[in-house]
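Here are the chains, one letter per residue:
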Amino acid sequence: MSEKKIYKNPPIVERIVGVYADIKPELFEAKMPDWAVKIQHVYPLARPIAEWSLNIQEVNGIPMLSNVMPKAEIIQLFWKPHPKKLAVQAMRLRPDRLVFHLHREEGKLHDFEELYVEMEAWIGKWMEHFEVPSLKGVTVEYVNRLNGTITPQFMLPDGRLKISEAFILFSNVPGKYTGITTPYDCKMRLIVDEKRPCHFDLRVRAEDQASTGVRIQFVVNTLGQGKAIGAAESLAEIRFCHEVMTEQFDCFFTEKAKNSFD
Amino acid sequence: MQFLTEAPRAHPPEFNEPRCVEVGHGFAFEAKATEAPKHLREFQLIQTMIPVEGGQHCLRLLKPLTLKVSQQLRCEVQDWGIEMDYLEVPHLPREIARRFLFLLGAAENEQLTEKDQADLVRISEYVDFRQFSVDRSPPRYQEGVMRSNKEQVIVEWHDGTRESLPWEAARALEEVNVGERFAAHVKLGKDDKTIAIERVSLLGPAADLSGEDWSAWPTKS
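Chains as they are written, first to last, in the working numbering: chain A, 1 to 262; chain B, 263 to 483.
Check each hint, because a few of them may be wrong.
Some chain B residues near chain A, calculated using beta-carbon distances under 8 angstroms [stated by the list, open to error]:
{"#": "1", "residue": "Thr310"}
{"#": "2", "residue": "Gly316"}
{"#": "3", "residue": "Leu374"}
{"#": "4", "residue": "Thr375"}
{"#": "5", "residue": "Val396"}
{"#": "6", "residue": "Pro400"}
{"#": "7", "residue": "Pro401"}
Distance condition first, Cα-Cα at most 25 angstroms in a straight line; then the derived SDA-like pairs of lysine to any residue [to be verified]:
{"#": "8", "chain 1": "B", "residue 1": "Lys330", "chain 2": "A", "residue 2": "Ile49"}
{"#": "9", "chain 1": "A", "residue 1": "Lys71", "chain 2": "B", "residue 2": "Val389"}
{"#": "10", "chain 1": "B", "residue 1": "Lys330", "chain 2": "A", "residue 2": "Pro25"}
{"#": "11", "chain 1": "B", "residue 1": "Lys449", "chain 2": "A", "residue 2": "Ala30"}
{"#": "12", "chain 1": "A", "residue 1": "Lys31", "chain 2": "B", "residue 2": "Asp453"}
{"#": "13", "chain 1": "B", "residue 1": "Lys325", "chain 2": "A", "residue 2": "Leu27"}
{"#": "14", "chain 1": "A", "residue 1": "Lys85", "chain 2": "A", "residue 2": "Ile150"}
{"#": "15", "chain 1": "B", "residue 1": "Lys330", "chain 2": "A", "residue 2": "Asn55"}
{"#": "16", "chain 1": "A", "residue 1": "Lys24", "chain 2": "B", "residue 2": "Ala369"}
{"#": "17", "chain 1": "A", "residue 1": "Lys71", "chain 2": "B", "residue 2": "Glu350"}
{"#": "18", "chain 1": "A", "residue 1": "Lys38", "chain 2": "B", "residue 2": "Thr310"}
{"#": "19", "chain 1": "A", "residue 1": "Lys31", "chain 2": "B", "residue 2": "Phe394"}
{"#": "20", "chain 1": "A", "residue 1": "Lys38", "chain 2": "B", "residue 2": "Met311"}
{"#": "21", "chain 1": "A", "residue 1": "Lys24", "chain 2": "B", "residue 2": "Glu418"}
{"#": "22", "chain 1": "A", "residue 1": "Lys71", "chain 2": "B", "residue 2": "Arg360"}
{"#": "23", "chain 1": "A", "residue 1": "Lys31", "chain 2": "B", "residue 2": "Gly422"}
{"#": "24", "chain 1": "A", "residue 1": "Lys31", "chain 2": "B", "residue 2": "Glu413"}
Derived Cβ-Cβ restraints for the label pairs, each shown as a range [what the hints assert, rightly or not]:
{"#": "25", "chain 1": "B", "residue 1": "Ala380", "chain 2": "A", "residue 2": "Ala228", "range": "47 to 53 angstroms"}
{"#": "26", "chain 1": "A", "residue 1": "Thr181", "chain 2": "B", "residue 2": "Gln393", "range": "53 to 59 angstroms"}
{"#": "27", "chain 1": "B", "residue 1": "Lys455", "chain 2": "A", "residue 2": "Ile6", "range": "56 to 62 angstroms"}
{"#": "28", "chain 1": "A", "residue 1": "Ile6", "chain 2": "B", "residue 2": "Met346", "range": "44 to 50 angstroms"}
{"#": "29", "chain 1": "B", "residue 1": "Thr423", "chain 2": "A", "residue 2": "Val68", "range": "46 to 52 angstroms"}
{"#": "30", "chain 1": "A", "residue 1": "Ile6", "chain 2": "B", "residue 2": "Arg336", "range": "46 to 52 angstroms"}
{"#": "31", "chain 1": "A", "residue 1": "Lys71", "chain 2": "B", "residue 2": "Gln373", "range": "55 to 61 angstroms"}
{"#": "32", "chain 1": "A", "residue 1": "Pro183", "chain 2": "B", "residue 2": "Glu430", "range": "21 to 27 angstroms"}
Simulated from the structure, these hints should not be mistaken for lab results. Just so you know, even glycine gets a beta-carbon here, dropped at the ideal spot from N, CA and C.
Only chain B is shown next, with the shape it has when bound in the complex (with noise of 0.2 angstroms):
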């Protein structure tokens, strides 16, 4: 049997059998210092999407939270005004979406006290909060026409614009012929792209839409 040295062709998994080690006591024979370095009182989540509402909408985190340990073994989130046990912290997604939640419908409802509202400053340096008003935003009623269903699925809306459609979203109007009228809800995504169409209804054949008078409606820029 040879000896090799290194086994540069398959990296190494850890085992997988989950181990626990007293916190502590692993170091306490090889490590000597004056004091606790910080770098061991402070531990980056490496989690950056929060779900909420049962994973239907996601928090995205533009920059990781830090968690700070104390020598009681609580964790505080820094800058989000959350402490847990550090037994806890499995369960930190929700206290982070639970702590937005709170701050966001309190903002809303104009009901922040001073520290939550420095609490939602701090905040929302970590949170992209368009894509989530984007995610949480409802599907709005537009009508449009079809105008090509081949390799491209091409509708042209109520105010005028034309849009080409990503097939997640152009399924939904499977039944709609080229030329045909149709209503639909529509949910938009960021820069005012059509990412889902719902409940949709026949209208029957395109007039010439610019012959009506949209006025009244809302563009959807």
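Okay, chain A solo, but in the shape it has when bound (with noise of 0.2 angstroms):
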């Protein structure tokens, strides 16, 4: 792994880590409101939230709408209080995992310890509380945002912004081009190691809110089928993934971007 770079002002707006599991649903549900009283103490704002999917088939390469039933499902979401009662920190469960959410605040951009520390302090009463006996891998997840605001240096005075600037898949598309538009949504995963397996996945899209800003999501997972590891060997697997996030992060923007985060 090369020497891990530090820059001050990265367009980081949340990281995320998660560990992975099989709980059986009905024990998840049973024993969520004791956890809810155990992490009382530390994250105190239970503010759960529903999620609503629908299932989409392809066929003949058309994806379409399936007639099984659409699932809604409440993820149990908690909140740290915040003085500003900002929502920046976050433990969220599913009944396959246990994820901390890190977001960004004006004025002080946190970093991936700060998530490290309350996986580390979490990870193995989840585990007893849930009656997890292995683990399947781990992911590292960093949110990055390019918009007026977060990168005021990529953007032109008529709000648009410069992304091939910026951000190395745009830097050199081929054939003339006066500007890139909307819609862009890429979407790949590279192989960094098969046997462990890990896996990077780049996700680039214009938000949805805004035109003119670009959401660009870099995934590190470890997940794999049939794994079995403990508390201590995902924690060491978080560490491997964010060498490797850190790693993608210099290769996927600019020198001028990098140069203009630091």
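Need the complex rebuilt from these two chains, each delivered in its own frame; the hints are there to steer you.
Spelled out as structure tokens, the structure:
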């Protein structure tokens, strides 16, 4: 691994760390209220969210809505209190995972270590409480935003984003063009290590609300079928994923961008 | 670098970042239909265990709940007489528990309205009533004799039945010697099997239980 480079002002708006397991949904739901009590002194603000899922299947290359009834799921989300009542640090639970979120604040960018410490503090308690014998892998996820607020250095006076100057994937598109516009929605998976396994997922898309912003997500995961690792090994994998993340971050942003983040 | 068309070894997780999608917007450009398909108005709730009394008990659903979403984004829980704004759906388990406890209380006090009565009949098809009653039943006073505490903990209850206790319950009898009588409050599960024991008292060496008159005592079953 190369030497870790720390930027003063990277465009990261959210860091996410997760560990994955198989917990029977009934057991998870039955034990959830006790877990809420257990974490109450650190994560007292319970704000569950609903997730609505549609089933889409591909028929002859065309995405079609399937006739299977769509699902609604309630995701357990607990926030740490914040002096300014901001939503910055959260724990999110589903039957198959424990996830920590850390959002950027104005004037405070936070870092990976804050998340790692949280996972380190809770992973053992979570495994014990939900009777998790082993884990299937981990993820480290970074959400970056390029827009007028986070990266004003790449904005034109008319509010458009010069993405080709910031992001490698769009810096050398073949052909003669005057610019890139929506839609751009790009996803890919790179194989980092087949044996472990370790994958790097990338997703780039226009912001949902603003046409002048771009959201770039990086995810490093070590999920594998039949994998069974313990808490200590998972923590080591989270560190490994973070190393991969910092390497990939360096690869995908242009030199000009990285200089501007420093 | 090789381009591999499939990656069967790793199940791709969805991104964990919660994403807010405006209702209807995502499909406005892609879907064409003369009317909204029915299966976009009905959703199945994945959750089948509803915590009650702060999670001390759970309401086990025998079949999933169906949420009907109206064009005004009101959400109706089919058969349960519950309607709420779709933004309130994260709090649905609490509303389900409230509705059930209300109907149960009204039924016990014979105060059900006709509508409530009809709702309760429909709801009874969703709820494992027997398990819920077992979970909610208070422990009851019982006396017994410790017969074995080696590999298995076996007790003989006051009505003469012998029972091999599960470890979770048996640990409460740690201080009871073999051959000693004890009294305790015992929580029974399905099939009258002991699932928890508390408030144990030692009553001294076992007398011949068969000589005592137990006729006034309730039997376990």
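Of the hints stated earlier, which fail here? Those not satisfied are hints 3, 4, 5, 6, 7, 16, 21, 23, 24, 31, 32.
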